[in-house]
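Chemist: Here is what each chain is made of, one letter per residue.
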Amino acid sequence: MEEAVEIQQKIYRKKKVLPGFGITFGFMMIYLSLIMLIPLSTIFITTAGIGWEEFWKVITDKRVVESYKLSYGASFIAAVIDAAFGFLTAWVLVRYNFPGKKIVDSMVDLPFALPTAIAGISLTAVFASDGFIGQPLSYLGIEVIFTELGIIIALAFVGLPFVIRTVQPVLEEFDQAVEEAAATLNANRFQIFSKVIFPSIRPALITGTTLSFARALGEYGSIIFISGNLPLKTEITPVLIMSKLEQYDYGGATAISIVMLLTSFIILFSINFYQWWSNRHK
Amino acid sequence: MVSEYKISALKEPGYIRLTLIITAVLFLTIFLVMPLVVIFNEAFGKGISNFFNSISDPETITAIKLTVFTTVISILLNLVFGLSAAWAITKFDFRGKNFILTLLDLPLTISPVISGMVFVLLLGSNSFLGSLLNQFGIKVIFAVPGIILATTFVTLPYIVRELIPQMQEQGREEEEVALSLGANGWQIFLKVTLPNIKWGLLYGLILCNARAMGEFGAVSVVSGHIRGYTNTMTLHIEILYNEYNFTGAFAVSTLLTLLALITLLLKTIITKKF
Chain A
188 MEEAVEIQQK IYRKKKVLPG FGITFGFMMI YLSLIMLIPL STIFITTAGI
238 GWEEFWKVIT DKRVVESYKL SYGASFIAAV IDAAFGFLTA WVLVRYNFPG
288 KKIVDSMVDL PFALPTAIAG ISLTAVFASD GFIGQPLSYL GIEVIFTELG
338 IIIALAFVGL PFVIRTVQPV LEEFDQAVEE AAATLNANRF QIFSKVIFPS
388 IRPALITGTT LSFARALGEY GSIIFISGNL PLKTEITPVL IMSKLEQYDY
438 GGATAISIVM LLTSFIILFS INFYQWWSNR HK
Chain B
115 MVSEYKISAL KEPGYIRLTL IITAVLFLTI FLVMPLVVIF NEAFGKGISN
165 FFNSISDPET ITAIKLTVFT TVISILLNLV FGLSAAWAIT KFDFRGKNFI
215 LTLLDLPLTI SPVISGMVFV LLLGSNSFLG SLLNQFGIKV IFAVPGIILA
265 TTFVTLPYIV RELIPQMQEQ GREEEEVALS LGANGWQIFL KVTLPNIKWG
315 LLYGLILCNA RAMGEFGAVS VVSGHIRGYT NTMTLHIEIL YNEYNFTGAF
365 AVSTLLTLLA LITLLLKTII TKKF
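In the order they appear, the protein sequences are chains A and B. All the letters of the first sequence, read from the start, carry residue numbers 188 to 469 under my numbering. All the letters of the second sequence, read from the start, carry residue numbers 115 to 388 under my numbering.
Note that these hints are calculated values from the structure, not bench results. Computed from a predicted model, the values in this text were never measured in an experiment. Ideal Cβ positions, reconstructed from N, Cα and C, are used throughout, including at glycine. You may find that some hints are simply not true.
Claimed, not checked - Quick list of simulated restraints, FRET-style, between CB atoms:
no., chain 1, residue 1, chain 2, residue 2, range
1, A, Phe319, B, Leu308, 45 to 53 Å
2, B, Pro309, A, Asp436, 50 to 58 Å
3, B, Tyr343, A, Asp362, 56 to 64 Å
4, B, Ile252, A, Tyr326, 38 to 46 Å
What the hints assert, rightly or not - Computed list of lysine-lysine pairs in DSBU-like fashion (alpha-carbon distance at most 35 Å, straight line):
no., chain 1, residue 1, chain 2, residue 2
5, B, Lys125, A, Lys382
6, B, Lys386, B, Lys312
7, B, Lys386, A, Lys289
8, B, Lys381, A, Lys289
9, A, Lys420, A, Lys249
10, B, Lys305, B, Lys381
11, A, Lys288, B, Lys312
12, B, Lys312, A, Lys289
In isolation and in its complexed conformation, chain A is listed as follows:
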């Protein structure tokens, strides 16, 4: 009798399975294959076509190595700037009240919403030697346009929201009762910040910084106007890939791309692993 009820329940449950799996799953797989997987596979096929020796020759070419150094180096510095000012902004937005706070909060996403090409030409105008900020800087002997500094500024611009938007929610959820507990134990403000608040924000800060680094690595639109794209000097890797494509050197373009793609995958994987790890060690 009991068994019969169980079987009946099973049948009932089975009947309750929602419709539409076949068609939605099928469409998803076909779409992903056509738009993403098949196009992406061409990178590996084209690279495989040029052979290992040629591949090595391409990615160790001086111009390519210099572009890697610049891209990784400038992206790293930009990510560190974003980490510092992003953390500060998130802190100010969560902890303090001041007039215009809501507008500031909405404006933070501007680099996400503004097309990168427009960010590029307007930052170039701001920092040009006759621009609002470029003029005072050039009096001090600091040139921004067509230098590494310009690249770093543009990269910091596009990556800024990542840090703020990753840190902000964690800071909002932070239980201030923990701070009170620390205060009753006679901790001062600095100790509470460095030993209680900061450690619980750190995973979010690192994740946000890594995301902004990853974003900066691939950035193209905002850079081409501000950097001058001088080979060996101010030529970032995506611009170099572009110029290889314009010369129909597809093998070279894909070889350079693969190194960048692998870095992106490793970064994504590391973030996931780090989040999993820091959740376990809370």
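With chain A fixed as given, assemble chain B onto it according to the hints.
Modeler: Just chain B now, kept in the frame of chain A:
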């Protein structure tokens, strides 16, 4: 009992708070507001008639039309995909779900230049598929279809990534009740699921729209920069800028900048509805 000591340990002193606020606001003003001011300043600096001349230039109009056309098609494709994928992923259990979730994030981490490149490799005139299509007189790369494909690829994550967490949170119970009451698939989706996810869906659409209209790198690779034919708004801005027609470049930019500001406004409004 709250002691004096404890209060000082819970809040930064006033002067530190003020310094931090001023530093943050100053930084954001220089970094975010200044570029905006410059865009409008450059666009209107040479007079309002110059601005309108640039906007109403036939090449600009063609670029606007192509951008809108591309965006509409990309959004529609990614909307159908986003709804299907979110339905399959959140309402059913199957193997490899995490792998697919990772795949969905991929276009966000790949350089736009690489995103465009893959379509040149797959469908360019040197490729097998490209030369096959050429025999039928179909041109994909350095033509409008390529621009649409690249834009669709780049904007693929935006809608589906908003839908999945929302539908996950809703669970399956409401839909299952509707099913046991005799509703069919479409009825369940339209009357039960859709009302629950409408704000998330709208949010995704807005983000997708902003990115599609503003995409530059990927589109630049596949477009071939043919004036008046494969020129989107952002590509047109680049051409004008490189011709030292700064007023023109910034005039066209104001349109997309307004779109960005509207996007930010809608984002702020919609986030409150979640």
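Chemist: Can you confirm whether the C-alpha distance between lysine 381 (chain B) and lysine 289 (chain A) stays at or below 35 Å?
Modeler: holds, 13 Å
Chemist: Within a Cα-Cα threshold of 35 Å, do lysine 386 (chain B) and lysine 289 (chain A) meet the stated pairing?
Modeler: The given pair, whose Cα atoms are some 12 Å apart, holds under the 35 Å limit.
Chemist: Does the hinted range 50 to 58 Å hold for proline 309 (chain B) and aspartate 436 (chain A) at CB?
Modeler: holds, 53 Å
Chemist: CB of isoleucine 252 (chain B) to CB of tyrosine 326 (chain A), is that within 38 to 46 Å?
Modeler: violated, 57 Å
Chemist: Does the Cβ pair phenylalanine 319 (chain A), leucine 308 (chain B) satisfy 45 to 53 Å?
Modeler: With a Cβ separation near 47 Å, phenylalanine 319 (chain A) and leucine 308 (chain B) satisfy 45 to 53 Å, so the hint holds.
Chemist: Lysine 125 (chain B) and lysine 382 (chain A): Cα distance at most 35 Å?
Modeler: Between lysine 125 (chain B) and lysine 382 (chain A) the Cα gap is close to 15 Å, so the pair holds against 35 Å.
Chemist: Are the Cα positions of lysine 312 (chain B) and lysine 289 (chain A) separated by 35 Å at most?
Modeler: The given pair, whose Cα atoms are some 24 Å apart, holds under the 35 Å limit.
Chemist: Hey, lysine 288 (chain A) versus lysine 312 (chain B), does the alpha-carbon distance stay inside 35 Å?
Modeler: With a Cα-Cα distance of about 28 Å, the restraint between lysine 288 (chain A) and lysine 312 (chain B) holds, given a limit of 35 Å.
Chemist: For the pair we were handed, lysine 420 (chain A) and lysine 249 (chain A), check the Cα-Cα distance against 35 Å.
Modeler: holds, 11 Å
Chemist: Please verify whether lysine 386 (chain B) and lysine 312 (chain B) have alpha carbons no more than 35 Å apart.
Modeler: holds, 13 Å
Chemist: Below or equal to 35 Å on CA atoms is what counts here, so check lysine 305 (chain B) against lysine 381 (chain B).
Modeler: Cα-Cα ~25 Å, so holds.
Chemist: Can you let me know if the beta-carbon spacing of tyrosine 343 (chain B) and aspartate 362 (chain A) is within 56 to 64 Å?
Modeler: holds, 59 Å
Checked against the numbered hints listed earlier, the structure breaks hint 4 alone; every other hint is satisfied.
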